[in-house]
Amino acid sequence: MNWLYTKWWKWLSAVLLFYVVIGSYMVPLSPGISKIGPLSFSPDSIYTFTISGYHTHFKDPGVGKIQFWFKSGNDYFQAKDLNILSANTGEVKFGIGSNQQDSLKTNNFDIIGNDDIDGTFALREGVTLIKASKVDSSSTVNATTGPVEVVHNKHQFLAFPYREILYESIRNTFFHVPMWFVMTALVFFSLVCSVIYLTKGNSLYDVFAHQSIVAALLFGICGLATGMVWAKNTWGHYWVNDPKLNGAAVGVMIYFAYLVLRGSITDEIKRARIAAAYNIFSLVIFALFIYIIPRLTDSLHPGNGGNPAFSKYDLDSSLRMFFYPASIGWILLGFWIFSILTRLELIKQKQEL
Amino acid sequence: MEFNCRQKTANCPIFAPVNLFSSVKSILVKDLIIEFRNRYVLGGILLYVFSSVLVIYFALQYNNSIQELSPVVWSVLFWLIILFSSVNAIANSFFREPEGRFFYYYWLISPQALILAKLCYNFIFTLGLSLLTFGIFSLMVNDPVVNYPVFLITIVLGGTGYSFLFTTMSAIASRAGNNATLMAVLGFPLVIPLIIFLTKLSAAAIASPGFTEETVKNIWMLLAFNIVQPTLALILFPYIWRD
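Protein sequence lines correspond, in order, to chains A and B. Here numbering that gives the first Met the number 0 is used: the first residue of the first sequence is 0, the next is one more, and so on. Here numbering that gives the first Met the number 0 is used: the first residue of the second sequence is 0, the next is one more, and so on.
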């Protein structure tokens, strides 16, 4: 009971969230390649590719040697005659012989760049080779593979990883994902309170269960809102048919039904007991639903259905620096809101007496 | 068990039971007898199923012919009809009892016996309803099922899932002022996982003969739901029931 009134964890939450909000807007994205043209090429002639970088430092004095490779399978083909146009654009010349085309693992080439300031940056499957129908043996065009020697592999400053599709919206990781952590934490807290209420019969735990569901719904709606904005900008639609989205919608619906159920019973003790029973029943079914179905079907979310998990390589050290404080900060904020709601409810009950 | 009346009394219409099994049996028999005597309730539900199928039949008429239904649409329509008719049928199971009768039961039997009896009764009722819906549906619309074993397993598991879920929801809603809307509001979000597996399984029964790995996985999932639900109902019903 006392923990509702202690202050230190509320201060901790405020400090952590302040750090996360400031950090998430101040830290830049690491360099990447946003565009390359032309998108496809044929063997036996030299092409000039224009590479558009993002947050790169080609004109910076300390940039050192700027190199580009075209990568197919595990072969790195050196691009030649680099011509820097601005800090973010450069031109390279590259061509491949028709006698080389059959030894390629794949026709899609990744573009990889490196310099001393930006480290290594890449565009996955940027250009496509359209294979010639027959091999021209008189061709003089020949791409050379070579050992890759780089001085700096990493970007020199603190930066969030550059991901295609996500781009700058990767910062939403600190807001969207913790919303669901908070909702899950509050909902399980409410489950525990309901179980304690049914075994002990102390009406304080009913207030706890009720108010934590209200707080959880608040975060569920925020999670849906942040997710919908993110989905519009990455997947193209506000709502897509994805098991995690559907699970979230069902979860929010269940807890609105919980509130409707509470509203329709006037007797306090009866209301507390029946709401607790419904809370336990629905949460177990819902947990079964949300933890098993997404594992059986494909999801667009990272970590499901062949998509790499965030923790595998997407969540690198710079994201972790903010993601873990964000999770803890948001969960504490959730319980802070819950404590305010609970105290308000307790005062209301006191006034009625 | 201390509330059980341990001797047969003259004005006790139910044979005063002492153990769980016989109390379940007597409540079940009582419910079946009431159902048989009040045939208009049974007739109402049958008419409900029949008229829903008829509505679908006429809605499918386009250019003087019945539109072909894809396996998924067929199973969605089929399970939706069963969903709505079973909600209507099961809503009666607790609402029908007069207010005072629960006090009477309270002295006679344990809450577990009552909920078990209601679960069994609604299971029998929903299973019959599902089979009947399938009969009318195949007669009026069409019967695309090729894999009858899988389809029968689906009907049994689906009927079980629906009846268990809505019995619990009916018990909760009956305590909150006999509100049928409330029962739908409480139950529909929870029925979504069931519907997902049921449509998958019955679409599989329409599409292919034999058991695929996917089918077996879905059957296990439905079984898990059907074990978890009555377990929770048994644990929680004493708290719902108590006044």
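It is worth saying that the hints were derived from the structure and are not from the lab. For glycine and all other residues, C-beta sits at the position ideal for the given N, C-alpha and C. Each hint should be verified, as a subset may be incorrect.
Across the chosen pairs, the derived CB separations fall in these ranges [claimed, not checked]: (1) B:21 to A:269: 25 to 33 Å; (2) B:212 to A:61: 55 to 63 Å; (3) A:227 to B:212: 34 to 42 Å; (4) B:151 to A:37: 18 to 26 Å; (5) B:216 to A:81: 30 to 38 Å; (6) B:151 to A:339: 38 to 46 Å.
How the hints compare with the structure:
| no. | hint | in the structure |
| --- | --- | --- |
| 1 | B:21 to A:269: 25 to 33 Å | holds, 30 Å |
| 2 | B:212 to A:61: 55 to 63 Å | holds, 58 Å |
| 3 | A:227 to B:212: 34 to 42 Å | holds, 35 Å |
| 4 | B:151 to A:37: 18 to 26 Å | violated, 60 Å |
| 5 | B:216 to A:81: 30 to 38 Å | violated, 54 Å |
| 6 | B:151 to A:339: 38 to 46 Å | violated, 55 Å |
Checked against the numbered hints given earlier, the structure breaks hints 4, 5 and 6 and satisfies all the rest.
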